[in-house]
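There are 4 protein chains.
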Amino acid sequence: MLVIMRHGASDEQIQTVISFIKKKGFDTHVSHGELHTVIGAVGGKVIDPRDIELLDGVKEVIKITSSYKLASRIFQPQDTVIEVNGVKFGGEYCGVIAGPCTIESLEQMEETAKQLSQKGVKILRGGAFKPRTSPYAFQGLGEEGLKIIRDVADKYGMAVTSEVMEISQIPMFMKYVDILQVGARNMQNFNLLRELGYINKPVIIKRGLSATFEELLMAAEYVMSGGNRQIILCERGIRTFEKTTRNTLDLCAIPVIKKLSHLPIIIDPSHGTGLRDKVAPMSRAAVAAGCDGLIIEVHYDPDTALCDGAQSLYPDQFGELYSDLKKIAPIVGKKIDNEQTVEV
Amino acid sequence: MLVIMRHGASDEQIQTVISFIKKKGFDTHVSHGELHTVIGAVGGKVIDPRDIELLDGVKEVIKITSSYKLASRIFQPQDTVIEVNGVKFGGEYCGVIAGPCTIESLEQMEETAKQLSQKGVKILRGGAFKPRTSPYAFQGLGEEGLKIIRDVADKYGMAVTSEVMEISQIPMFMKYVDILQVGARNMQNFNLLRELGYINKPVIIKRGLSATFEELLMAAEYVMSGGNRQIILCERGIRTFEKTTRNTLDLCAIPVIKKLSHLPIIIDPSHGTGLRDKVAPMSRAAVAAGCDGLIIEVHYDPDTALCDGAQSLYPDQFGELYSDLKKIAPIVGKKIDNEQTVEV
Amino acid sequence: MLVIMRHGASDEQIQTVISFIKKKGFDTHVSHGELHTVIGAVGGKVIDPRDIELLDGVKEVIKITSSYKLASRIFQPQDTVIEVNGVKFGGEYCGVIAGPCTIESLEQMEETAKQLSQKGVKILRGGAFKPRTSPYAFQGLGEEGLKIIRDVADKYGMAVTSEVMEISQIPMFMKYVDILQVGARNMQNFNLLRELGYINKPVIIKRGLSATFEELLMAAEYVMSGGNRQIILCERGIRTFEKTTRNTLDLCAIPVIKKLSHLPIIIDPSHGTGLRDKVAPMSRAAVAAGCDGLIIEVHYDPDTALCDGAQSLYPDQFGELYSDLKKIAPIVGKKIDNEQTVEV
Amino acid sequence: MLVIMRHGASDEQIQTVISFIKKKGFDTHVSHGELHTVIGAVGGKVIDPRDIELLDGVKEVIKITSSYKLASRIFQPQDTVIEVNGVKFGGEYCGVIAGPCTIESLEQMEETAKQLSQKGVKILRGGAFKPRTSPYAFQGLGEEGLKIIRDVADKYGMAVTSEVMEISQIPMFMKYVDILQVGARNMQNFNLLRELGYINKPVIIKRGLSATFEELLMAAEYVMSGGNRQIILCERGIRTFEKTTRNTLDLCAIPVIKKLSHLPIIIDPSHGTGLRDKVAPMSRAAVAAGCDGLIIEVHYDPDTALCDGAQSLYPDQFGELYSDLKKIAPIVGKKIDNEQTVEV
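If you're matching them up, the sequences are chains A, B, C and D in order.
Sequential numbering from 17 applies to the first sequence in my numbering.
Sequential numbering from 17 applies to the second sequence in my numbering.
Sequential numbering from 17 applies to the third sequence in my numbering.
Sequential numbering from 17 applies to the fourth sequence in my numbering.
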């Protein structure tokens, strides 16, 4: 931590700051610049920079250690690669997850999975417990839904991912699901994150609507500090003043996260835009920017979807998009779904 | 719901929209304007407006029923007034809650409660389970902390409020606490909200960092739909581009919520600004704007606070502020802590 | 400027950074901390911190000199007080400006000014050139409007403020107007700001919709660097995700600006909220927070207003509000419009 | 315009609204729904929806005509294609503009232009008048800079684009420049926009930091309403809570604008991210999303750049990127710089 004193701060003010910091268990070293005296502080435990900012004569306090360690690229320079059902996320791999927003019925999952599987998709998504803004809206099929998606996935040789909403559901999810998702609204549900640190399955953490990149990495740190290192980060749009799209999809998350962390970063263009005709352009853009994966909503018949049909692709639209992605990926040195891809 | 067709939409397009809406179980009535045909739809169940927006010829879809009912001023025109330990929130009353961010020790709570009690405060706050961004930061004393705050409050004739973080903690909180708080990060933890609908104690719901007023009211609706009508809403700052303050405290929440809802709206100037020297001006402003209560962080010795000391008032600062608030409140027709207040 | 090297940065990396900084004309002093080496740099000219951030081994670069000097409270510790027509802004004074959004006709200004003047208002506002989002909307009466407001103000012994939109209009404004306003959309029209530095009349600078406090102070610095020190800053709401109100009025601007700068800070609750029934609560809040002035839209007949009638007060509403403000101000040590105010 | 009355609104309230609207010159037609009465209003002139929202019994007011006409895809269904020096923007074409942030010297422009020209770039950018946040920062070479960029461009057969900051500079820009740019800070400088409607050269309008897509299109409408139809829209990042990147580049601007408008939309990844290592990924993403052009900062020696060196590419980096873009473009049916591009 560095404390920058105001130009003209008195010796007494400087001494007060030094005493305050020392009382908190830090060692200090002082450097007198031309305009500003700077006090460095090391070795102490937790201190809130604002406590020092309120002292007289202090101009600014700078924290110089990141709050995340295990998630940091400095801690682990090489990319983490996570493999599920033969699909890899991270490094030179870009994995694709697809499926409906919500598990509605056996027929719906069966038909959707069949079509996705034929196109080559190996990981199926679908919500069983839905975080709905209204208490009066459909809340998902619950465990019955998880059974359906598991059965259907097994039939087509696919893996399963679904969103877990609270601690008590974790054992149930461990039974049916291969990758657990933490939704944007739960990204700072720290109790849930902590518990997910004790399981041995991959976890997708979605960026909160107003979470900074640092907070997203701190959420990963919560899980990792419990022992689970299989974390996939997911950008799904942030909330801004612009309301034409449901959210503002921040694709710069890709190069930013890849510089700060070794963890894979995937993109959810369906929630990120909220409208079907924006999903394909943003998916192509995400792959061109070097993302490590995509999670896309596809429904065999979006017009009848109980939830988010408007942002779900028709299977044929997905097919065309999937084919485009395989052409774009090698240009940026990536492979889609670990397959042999078209060389250009 | 109203569907506005584009200028020049064809008859076929209009018919397609009507069929689509009818298939979803709605009755329709069509009105041909000079520029736009408008299709009204009533009586159906859930429909996602975006599904219709994607149909050809559609310009815009407007939902005309609010998603919240029980929380709405239309459902209940008169103000809800909630009373705890003789302190009232709502109507002509403005209640004050004060105490430290975190319960640190018996001594800390004892000293703080004593000083607050002497000044007239009747509701004590203090966190036992802390939602911390870092897994390595102090996470609170847990149930031990709740015991401490309960004992101290009883000694000084005060009521207690504290933040509950997950469903499994509810029975424990029912034992020690008079008002349960839902933190900003949990405002859309819908499972937690639903369970709080089954208890018979007041619940403070804090606005999420990027939650709209409508979403805040929907969170209240979740609790109310379970039967618990004792909800206090709390504005505590939203996240914007401005970083000088920790958050942007949106005091317009007061007249906005009071128009839309009958529920009391209180202000948390401590989290809303994040800096001690901003707390008093924003508290005075909140009362002048007609708020139904305040929740203010006060610590008997903020310099030693384990958490958020920088935004905690010294007891003497609080005392002066409290006295100012009692002068401002009657100008806007309110009473602070239900006391006889100075007439001007 | 301080350059913080990453934990584990090599000597070579450190040397490269030092050479780079020296080449830019800075003196450097190096301090080896336990975890991080910190390089201080002083005395050089302009350098973009990002240039250094891109060098290998650099963790972070911190600028430690504010960009504004003349506007800073360090440069001038005592409050700037600006007086116009006997009304003072700053220090212990809170001045009130009122009038319609737009100058529509002699009758409208005459009737509005008469009523405001009777209530004690001494500064009249009204737009002659209107920045309208649509090219097809009413653009204001131009110079004809300025003549009207000047004549009416003279008749009732009032001063005049109006918004200047471009450099070529300055001489015209100098002829008719006592305080020139720079609108939110022009807050970073640097050419206009620079020219306003050469005039000898007060200038109100409104905060841009997405301008930080630092940028607002830099805008003041532009004008002040030309010689004109009579600057009044104005908070009028920022753009956020919340759309219930037109903008989010950031009242914390008051204590923030008063700490950073000696310049008066006034509030525009009319644009800040966009709805008449929010104007009075936010005005009372602003005065309770210690603002140095208010600029409020009042129209003798808002229902017929050509522009922003929905956010304009009726004269009687203003009268009641004005009377409330005079009761609140002394509680926070301020005087409204420099008058003898009611003691409480 | 549609006025939706509250559930339970009285006949008297409905009649009051109808009278109010008729007084403003509108025809009304009333439709009684099951829950809500809806009043349609057509044919009148300007009305502020908020005026009606404030009437008793009104729930909501909906505007159903867009504010922009000439810029709308409904007005002109086919894409506008703008050609400058053989480079096309719009339709199946994606044009590339490159060059330094600021014109610093003949040598700098000469060296940069030579290298860009060799790689195939045909439009050179460079600022002569710089909008700088600080009055003390370098403000550009002015007309001398425009002469330099014109001479250098002519030598290498390139066209020139540069930012115009105020009306009085327009004649000077017409002399030296082929495409005039309006910067983000001037996007709502309506006087400047209006004047640019009278020239016969293309204008690039950059999206303001907090401008909505609708406001960007309204800015185009201002210019177009004067007669100039050669408008290129430019997304360059918006201001959000996330500070890791300088701005949040909203690539969804591409499909959004292409649906709403026939005008070309180009991307500025340099200002949009503010850091060199983010420019290439975001450029690739923009082309994959189907943008109509790119404007990229390139400097022959970014380490010595007077301005924004940190976000400028080295010429070799640009060369590699340019080659990647030519591979990505045909996958989405576009041609970079109108050349024969590599088929995949």
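The hints are simulated quantities; they were obtained by calculation from the structure and are not laboratory data.
Treat the hints loosely; a few may be bogus.
Each pair may be met inside one copy or between any two copies, as identical chains are not told apart.
Lysine-lysine pairs mimicking DSBU-like chemistry, simulated, CA-CA at most 35 Å apart [said to hold, decoys possible]:
hint: 1; residue 1: LYS75; residue 2: LYS163
hint: 2; residue 1: LYS104; residue 2: LYS39
hint: 3; residue 1: LYS135; residue 2: LYS79
hint: 4; residue 1: LYS275; residue 2: LYS171
hint: 5; residue 1: LYS191; residue 2: LYS39
hint: 6; residue 1: LYS191; residue 2: LYS104
hint: 7; residue 1: LYS275; residue 2: LYS130
Run the structure past the numbered hints and jot down the numbers of the failing ones, going up.
1, 2, 3, 4, 5
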